[in-house]
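Given the coordinates of chain A, assemble chain B onto it according to the supplied hints.
Protein sequence lines correspond, in order, to chains A and B.
Following this note's numbering, the numbering of the first sequence begins with 15 at its first residue and continues without gaps.
Following this note's numbering, the numbering of the second sequence begins with 1189 at its first residue and continues without gaps.
Keep in mind that the hints were calculated from the coordinates and are not lab data.
Owing to the predicted nature of the structure, the values given are computational and were not obtained by experimental measurement.
There may be inaccurate statements among the hints.
With the C-beta cut set under 10 Å, the calculated list includes, among others, these residues of chain A facing chain B [claimed, not checked]:
#, residue
1, R22
2, P102
3, L107
4, R108
5, L122
6, L130
7, E134
8, L136
9, V138
10, H141
As a list, the in silico DSBU-like pairs of lysine-lysine whose alpha-carbon atoms are at most 35 Å apart [as the list claims (entries may be wrong)]:
#, chain 1, residue 1, chain 2, residue 2
11, B, K1265, B, K1210
12, B, K1364, A, K84
13, A, K87, B, K1384
Don't be surprised by glycine CBs; every beta carbon is placed ideally from N, CA and C.
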Amino acid sequence: MSLGDFVRYLRAIKGGPDFWTVEEATGVPGRTLREIEQRYRRVGESEEDLQKLADYYAVPVDELTWRREKWRKLLSVALYTAQTEDHPIRLILRDGPTFEGRVLWWDLGATELDLLDGGERLVVQRHAVDDWDLV
Amino acid sequence: MSDNLWEIRRRKKMKVRDLAAKSGVPASTIHQYEAGENPISQAHLRQLARALIVDTWDIKPVSDPKPRAQRAPAKTKPPREPRPQKEAKPARPPVPARPTQIEHLLHLAERFPDVDRATLEAQAGKTLEELTTKEASEMLSQLQERLRQEQPPRVKQPFDRHRAYLPEGVDEFELKYLATAQQAGDILHVTLFDRKQLEGQILGFSPYSITLRQSDGEETTVNKLAIAYYRKKGADQ
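For reference, chain B alone in the conformation it holds in the complex:
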């Protein structure tokens, strides 16, 4: 007695994507088989049976379409009652300026030769301590805007960088050193951790290794992790 593919899959508590991953049959093909759109090919039947741990004859070659679950009718919400109009709140009493705002104002005033506490107070028509937060904020904005307008625009320098430049983040110095030595045909004398020594012309290098051609023609690639130090000998030596 054979069953539909989707029935067996559900019995095994597998999702289509799990079956696809396990069997190697594409999920879209499995969907087609389960909908009965196509008969299951022999090759896929074997793959699916193996993945589901059943015999090939346990699976119907053409599945009956899955019965569609009946959806419950969508619940209709009763219309909302209009909210009662809130009473307008009484206007807040003015809040006195924060000490930090006054301090900031005085600090900014120092940047202008024609502005000081007296001129600020004359402009406001009261002492700074009597300002409200809103008034202090407006005065700060005016001074900041003036400062922005009067400052000369900053010229971008060629050495401007967005990020800190730390040599420990690059290996360009060593690569430059090796590139120069390679171009000059210098002989590199390398000492390894185990005290072994190698000498040869640089054939190539990477961030992790250096390849040398030794005097006997042998080419050796040394992992940098094995190198303790090296020095350059002149090409003529």
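Chain A with its partners taken away, still in its complex shape:
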């Protein structure tokens, strides 16, 4: 799960405060919050801002900095490589199981895997993917 997806998830869990509310509570500019949640490239350069967000959402800052290195485009590259090279991919889900399979399609929000064990097909939401690697 990218930093953007994770922060969006935390905001939803907190009851969905809008960017203005978060800005007021943390001091992190709304523009930065929007960038973190919406951009596909690597975001969240400011350690200070990440610390403020970690305090606000009551999560360890390490979790945010770790997720900063899992930006969305990296998952896109992995899914693209897996699909075009017909290479199985392993998706490790947040607080959940690990799936290995071939990528049938992928897009903005999800990917469908043809699982290696049992031939079952599954649609995984991209925001649920914590980590991944090509098998």
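Okay, now just chain B, sitting in the frame of chain A:
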């Protein structure tokens, strides 16, 4: 003692548009009141007084027109003296062709079987190194024009796109998947982040949510943000 509306407004250092925004009275109406064209209506008087933080009786019901500021007469500029005629510059000496131009010429020549350095030099009547920038530029234009004319026109392919097509920019694959499942009456088995599981027929979906009708008839709309993964079960299962 009451004052004109425009006097009070100026004292309060407000512009007409500020007063309009604060009072809710249209700016054009305020202009009419300030010009004394119309008496201020009772309702507007109250709104304006509240916005200006004065009592209603502080504002004259009919304003005296604002005195117009006298404009200073426009300064007349003395006529310009004609500029002295500049002396014609001497013609620039010819600049030798840039090495990149010569390189470009030779590169273009490779595209034609009948053109090489010798033919180019014969056409110019001197070696390429002796060309000026203007001459080299003209020769380049000739070759580029010939190249354009001799190349077959490119046929536009149906898959030609102006922009890169990246699946990460669309969510059409998931929407197609859900649309197909909905039409087929498939049962969707959804696992949420908190490990809760839902099963039901797809009633509707959007980029952000999926609505399911569960076996007990209950309809549930799940935000996709809460979904970890889902799979399709056959309609007959």
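Task: Broken hints, by number - done: Violated: hints 2, 6 and 11.
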